[in-house]
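**Q** In order, the protein sequence lines correspond to chains A and B. For the first sequence, position 98 matches number 100 in my numbering, and the numbering has no gaps at all. For the second sequence, position 173 matches number 191 in my numbering, and the numbering has no gaps at all.
Just so you know, these hints were derived from the structure itself, not from any lab. Ideal placement from N, C-alpha and C gives every residue a C-beta, glycine not left out. One or more hints might be untrue.
To be verified - Simulated restraints, written as ranges between beta carbons of each label pair:
1. B:181 with A:129: 29 to 37 Å
2. A:345 with B:177: 13 to 21 Å
3. A:433 with B:29: 22 to 30 Å
4. A:7 with B:25: 15 to 23 Å
5. A:300 with B:25: 48 to 56 Å
Said to hold, decoys possible - Below 30 Å or equal to it, Euclidean Cα-Cα: the simulated DSBU-like pairs (lysine-lysine) are:
6. B:173 with B:45
7. B:45 with A:7
8. B:173 with A:156
9. B:173 with A:385
10. A:6 with B:45
11. B:173 with A:6
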Amino acid sequence: MTSKKDYEQTMSTWLDERAQPRAPDGLLERVTERTASTAPRPAWRIPSWWFRLPGRQSPGTTWRLKMIPTFSVAASAIAVAAALALSNSGLLGPQEEPRLVPAGADTAAVTGVTHIVGPEGDLGTISAALEFAQDGDEILVQPGFYPESLTITKDITLRGDGTAAHVVIEYGPGSPTITHPLWFVDLPNGISLEGSDATIRDLTLAGPRQSIAIDIAGGSPTLEGLVVDLGPKPPTVSDDYRESFHIRDGADATIRDSAWDGLLWVHPGASAALDGNTITNTFTYFEGSASASLTDNTFVDSNLLRFDAGANGVVADSDFGVGGVEVVGGSTVVVRGNEFPGPLDAEELEAAIVVDGSGSSAEVVGNTVTQAPIGIRVGSDAKAIVTNNTIDSNEVGIEIQIAAAAAVADNQFCSNGQHLVDQTRAEDPPGLEDNTVCDAE
Amino acid sequence: MRRDLVQRAMAHDHEAFTELARLTIDKLYAIARLILRDDHRAEDAVQEALIACWRDIAALRDPDRFEAWQRQLLVRACYREARKDKKRSRIELHIPGFDRGQPDTSTTVADRDEIERAFRNLARDQRALVVLRFYVGLSVEETAAALGLPTGTVKSRLHRTAQAMRAHLDSDARAAGLSEGRIA
Chain A
3 MTSKKDYEQT
13 MSTWLDERAQ
23 PRAPDGLLER
33 VTERTASTAP
43 RPAWRIPSWW
53 FRLPGRQSPG
63 TTWRLKMIPT
73 FSVAASAIAV
83 AAALALSNSG
93 LLGPQEEPRL
103 VPAGADTAAV
113 TGVTHIVGPE
123 GDLGTISAAL
133 EFAQDGDEIL
143 VQPGFYPESL
153 TITKDITLRG
163 DGTAAHVVIE
173 YGPGSPTITH
183 PLWFVDLPNG
193 ISLEGSDATI
203 RDLTLAGPRQ
213 SIAIDIAGGS
223 PTLEGLVVDL
233 GPKPPTVSDD
243 YRESFHIRDG
253 ADATIRDSAW
263 DGLLWVHPGA
273 SAALDGNTIT
283 NTFTYFEGSA
293 SASLTDNTFV
303 DSNLLRFDAG
313 ANGVVADSDF
323 GVGGVEVVGG
333 STVVVRGNEF
343 PGPLDAEELE
353 AAIVVDGSGS
363 SAEVVGNTVT
373 QAPIGIRVGS
383 DAKAIVTNNT
393 IDSNEVGIEI
403 QIAAAAAVAD
413 NQFCSNGQHL
423 VDQTRAEDPP
433 GLEDNTVCDA
443 E
Chain B
19 MRRDLVQRAM
29 AHDHEAFTEL
39 ARLTIDKLYA
49 IARLILRDDH
59 RAEDAVQEAL
69 IACWRDIAAL
79 RDPDRFEAWQ
89 RQLLVRACYR
99 EARKDKKRSR
109 IELHIPGFDR
119 GQPDTSTTVA
129 DRDEIERAFR
139 NLARDQRALV
149 VLRFYVGLSV
159 EETAAALGLP
169 TGTVKSRLHR
179 TAQAMRAHLD
189 SDARAAGLSE
199 GRIA
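Sequences are here, hints too, so could you generate the full structure?
**A** So, in structure tokens, the structure goes:
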């Protein structure tokens, strides 16, 4: 085999030859023009009063008090009051914590008649029942196989008579299509909810692997006990057009006790509450001003939950398996009480929890993070409050990159290659002093 | 001089920032182009990195870390651009080719093609690693800072990347030998 020295020399020479020595004409001018019209942000620091919030102090915190030599009782009182007010106002985290929907809450509002669909029912197809139904009606679907796609514009309840496995709606390539805004292809759609507050429960929706199973445009529907089956994940990413839920146009969807394995994408201005679901081997994406509440979900196999471009939300009490969470692009998220048992899928993810990029912020509280190359990363220009987590057996427990701002307190570190890597060179760097290190010498 | 420029830029002096951009843009573009293998994407990445740099420069506490921070922003911008490419490649079903660079002075055409193929086969992260280490000439520690990775991870990835590249180069050499009737 080529020697290491030869290889390094060859690469160096080849890259030098390949490199373009000059940037293209006009690039600097474009940068100058764009930066001239971009307002720089003021520096953000974890305010020192934060460390005096109730429960923040521990025996190792005296060094922090040295940061403010003029600290006085009066100033302390004012600072704590302001801190509490600010904390309660949510300015440290999301502007508004999205609602959490308790599992099992009854959202079905059947006030009208029940239409029975099936071999022994009033109607042979669900589509026909949707024609007849009025707001407040229920459509009860008997066990069977229903080859159709549905458009729901009314506030009805569509319910399988039994478990999801017994009532199967299957749509095919000939179903109405939606042009996918990310992939730019026309994909068949199984159920389209348009401005509807419908409840859909106890059904299986099966479709081709290149399709959008449920498109939700506006409205506040509730989906419960569903199985979305778009077939196995294709071997190559270029064949993977499986989207289970497409939530857009200001929709406010609740999805609980369901299972799926294709993309869930919440668009800017829409919101979703995901509770008690099983999400397998896919990508869950909240974009723009989308807001999210995720509680008690189980992520199976490789998964990435991403908040991007100013999204906000709460991720709580979920089991991420080998997957992780990314808070990027100016998003604001509370990550609380989750399990990240790993070993992290290192092909897709470098850290179990990532808070990265300008304007991104997160409160990372009470999680257990193990067996990751990096447990928690606070990337450049992001800010995070990291408290009460158990960070165990990672290559690096917490990494704080250049120009990031992070408060790290009350965590337990065990058996990490490095517990805390700080690249900020800040005057007041976060340290391990306020934390418990179980294997400290 | 340069530290002074950074300090002035940190105080939101746009003229100073423009001068910093002028001093660094060629190198940034060269790095981005090698990582992304696409001229237009490289331009976009450099623009985004410099705009992010201007927007958040006040957050930089240590002016001496400016270059390291700027490289980090660039690598991140390249990754974002690469992700866009990944999405687009789903419909284009191919990755755009990489234009030929400067004339060769030390390697044969066959060598260049082999290296090109091996380099093309590297993952995005591996390309960034190779470019920072062997083109920019960063130390392992500096490369780790730019990529936001622990030093140990960078070492192990460098090792794996080198193995992959060398294996690819060797397999190309063997294939060439076989096609010429020789047993490798």
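**Q** Evaluate each hint against the coordinates.
**A** For each hint, the structure was consulted:
no., hint, in the structure
1, B:181 with A:129: 29 to 37 Å, "58 Å, violated"
2, A:345 with B:177: 13 to 21 Å, "20 Å, holds"
3, A:433 with B:29: 22 to 30 Å, "29 Å, holds"
4, A:7 with B:25: 15 to 23 Å, "41 Å, violated"
5, A:300 with B:25: 48 to 56 Å, "50 Å, holds"
6, B:173 with B:45, "24 Å, holds"
7, B:45 with A:7, "25 Å, holds"
8, B:173 with A:156, "59 Å, violated"
9, B:173 with A:385, "28 Å, holds"
10, A:6 with B:45, "26 Å, holds"
11, B:173 with A:6, "14 Å, holds"
Of the numbered hints given earlier, the model fails hints 1, 4 and 8; all others are met.
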